[in-house]
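Here is how the chains run, residue by residue.
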Amino acid sequence: EAGVAQSPRYKIIEKRQSVAFWCNPISGHATLYWYQQILGQGPKLLIQFQNNGVVDDSQLPKDRFSAERLKGVDSTLKIQPAKLEDSAVYLCASSPTSGALNQPQHFGDGTRLSIL
Amino acid sequence: ILNVEQSPQSLHVQEGDSTNFTCSFPSSNFYALHWYRWETAKSPEALFVMTLNGDEKKKGRISATLNTKEGYSYLYIKGSQPEDSATYLCAPILTGGGNKLTFGTGTQLKVEL
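For the protein sequence lines, the chains are S and H, in the order given. Residue numbers for the first sequence follow the working numbering, so the first one is 1 and each next one is one higher. Residue numbers for the second sequence follow the working numbering, so the first one is 1001 and each next one is one higher.
Here chain S stands alone, though its shape is the one from the complex (with noise of 0.2 Å):
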């Protein structure tokens, strides 16, 4: 099966400017993550969609970023404006069904962003 798609891999803006990621989850997978991953840090949960419903958004900061997930399947992640401590691998992750949290989830390549 094909796995699942991100892109860009690369990203450099400089601060202030606006930046959107795209992700394509695994098909039928109802469930898809977005996750911040900073230099020396483990990856944080910004986002979980159940299909095109929101599950989780507690870490998302509301105020620069928004995602969404249209007719739930690709998701798309923008951040408006950038700031500094954005630079980070966003990680894009799907898989089967939400409530089975014992099932592994399926990441993508990743898109790395660098803020000027």
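Treat the hints with care, since some could be wrong.
With a cut-off of at most 30 Å between alpha-carbon atoms, the simulated DSSO-like pairs for lysine-lysine come out as follows [what the hints assert, rightly or not]:
id, chain 1, residue 1, chain 2, residue 2
1, S, Lys-44, S, Lys-62
2, S, Lys-44, H, Lys-1059
3, H, Lys-1042, S, Lys-83
4, S, Lys-15, H, Lys-1042
Just so you know, these hints were derived from the structure itself, not from any lab.
Fit chain H to the given chain S structure using the hints.
Frame of chain S; chain H shown alone:
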């Protein structure tokens, strides 16, 4: 905030050496624990999902154990190979912690020839 600790932070071993890492987490309200391997420039890959106290799982030369009562898991690699070089991440799930993965900072393993 859920406190997940992994040790050591980094490890250099020679090819053929066996090694192990530790993941420590709060023992109360345990639900499951995930282990992932993350190679540079690739996507994190699931190794194990463990749920029961005393669980032991094995995948090739890699195995893991789980002690939910004392709040730790060990990951073992037997006969390390250069292709095992990666960051190994653990992520417990606690009920009441939002039912989500909380990742540790990882153990970075480098296997040298």
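Structure-based check of all given hints:
no.	hint	verdict
1	S:Lys-44 to S:Lys-62	holds, 15 Å
2	S:Lys-44 to H:Lys-1059	holds, 26 Å
3	H:Lys-1042 to S:Lys-83	holds, 26 Å
4	S:Lys-15 to H:Lys-1042	holds, 27 Å
The structure is consistent with each of the numbered hints, conforming to all of them.
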